[in-house]
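Line by line, the protein sequences are chains A and B.
For the first sequence, position 88 (counting from the first letter as 1) is numbered 88 according to UniProt numbering, and the numbering increases by one without interruption.
For the second sequence, position 8 (counting from the first letter as 1) is numbered 8 according to UniProt numbering, and the numbering increases by one without interruption.
Think of the hints as simulated: they come from the structure by calculation, not from any bench.
Incorrect hints may appear among the rest.
The list treats identical chains as interchangeable, and a pair is accepted whether it falls inside one copy or across any two copies.
Below, in silico cross-link-like pairs of lysine-lysine (DSS-like), each with a Cα-Cα straight-line distance of 30 Å or less [to be verified]: (1) LYS26 to LYS175; (2) LYS130 to LYS65; (3) LYS130 to LYS187; (4) LYS187 to LYS26; (5) LYS65 to LYS26.
Given the structure is predicted, the values throughout are model-derived calculations rather than measurements.
2 protein chains.
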Amino acid sequence: MDKGLLIVLSGPSGVGKGTVCSALRKQMPELVYSVSATTRAPRVGEQDGVNYFFKSHEQFQEMIKNDQLLEYAEYVGNYYGTPRDFVEETLASGKDIILEIEVQGALKVKEKFPEGVFIFLLPPSLDELKGRITGRGTESQDTIDHRMTVAVDEMNLIKHYDYAVVNDEIDLACKRIESIITAEHCKVRK
Amino acid sequence: MDKGLLIVLSGPSGVGKGTVCSALRKQMPELVYSVSATTRAPRVGEQDGVNYFFKSHEQFQEMIKNDQLLEYAEYVGNYYGTPRDFVEETLASGKDIILEIEVQGALKVKEKFPEGVFIFLLPPSLDELKGRITGRGTESQDTIDHRMTVAVDEMNLIKHYDYAVVNDEIDLACKRIESIITAEHCKVRK
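Whenever a hint applies, use it, and build me the whole structure from the sequences.
In structure tokens:
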């Protein structure tokens, strides 16, 4: 049996990774979703084990120490990480798994899984990205400014990715990602 | 403006390249189709300049001599070739162009256009391929035997291609090729 594909969906904060990923999961129910661990507080409506595994800083440090994370990164004062076992077991069972993670984390995954499919989600423009970061309305001005600086830095890392998908319309972005997954399954492995 | 993509659809004789390509052109009318030159006689319903440019052996030799062909190959006693200018002009104008050609010709195009997208159309099985070659009913038994031998040899050349698409159902095969083209347009050019 062929191993599944590791699909990494990343891009700057505020680009809409979560929204696109949710829409994609509805269109491709066979795609397994890697649930990240994080130390950040749940937002309204987020459920532990569904949106994230919500961890204390102490619990997260323990996971790092025991090598239970495929990657982890600090971002605006919180930790985000990908539990390793679930990813490896899913791939071994022949199923595709998608990771929706921050740019730094994605590059760490690439060191361990160079055969993964790395997709960078792009905003239609930087102005649009600023609007999305501001419009979320859950962050202070300092945080917004910091996130914009980080986002611009992250945009420069696109060269390490295999594909770039513009998130102009969610349905179009999903269709492009679905096409990328279909195409990757057709690739002749050398 | 970005250059268009050169898409090469190839595969063993009898696999259904022509049928898939026709269906694909209906689904993707924006895709430009490269019309081949050939010395073989027109089949019923085939039109000069639409299905092929039908040439005499003398005319074909003249095109070779004048370097007007991107590739050419002899196949079962006839010549097939791809007029060069049309392909290069289409790519320069930013449009995608698809070449539906024999396996040997495709590999010659790859020497000149390594950045092309090379798709190998596969039969669901070798038995299925034999059925299709026999079922066409336009060839002698010797020709059928020869074409099967050639087809098996051609199957071994799949390793030089970027993608393999199984022609189990025409609609599915077209959808996969369409996905490959979409994905290739999303590729981060390094």
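Status of the hints after comparison with the structure:
1. For the homomeric pair LYS26 and LYS175, the shortest alpha-carbon distances inside one copy (12 Å) and between copies (20 Å) are both at most 30 Å.
2. In this assembly of identical chains, the alpha carbons of LYS130 and LYS65 never lie at most 30 Å apart, being 36 Å within a copy and 59 Å across copies at closest.
3. Proximity of LYS130 to LYS187 under the C-alpha cut-off of 30 Å is restricted to the inter-copy arrangement: shortest distance 25 Å between copies versus 37 Å within a copy.
4. With identical chains, the CA atoms of LYS187 and LYS26 are at most 30 Å apart both within one copy (25 Å) and between copies (24 Å).
5. Taking CA atoms no more than 30 Å apart as the test, LYS65 paired with LYS26 passes in neither setting, with 35 Å inside one copy and 57 Å between copies.
Violated hints for the displayed structure, listed by number in ascending order: 2, 5.
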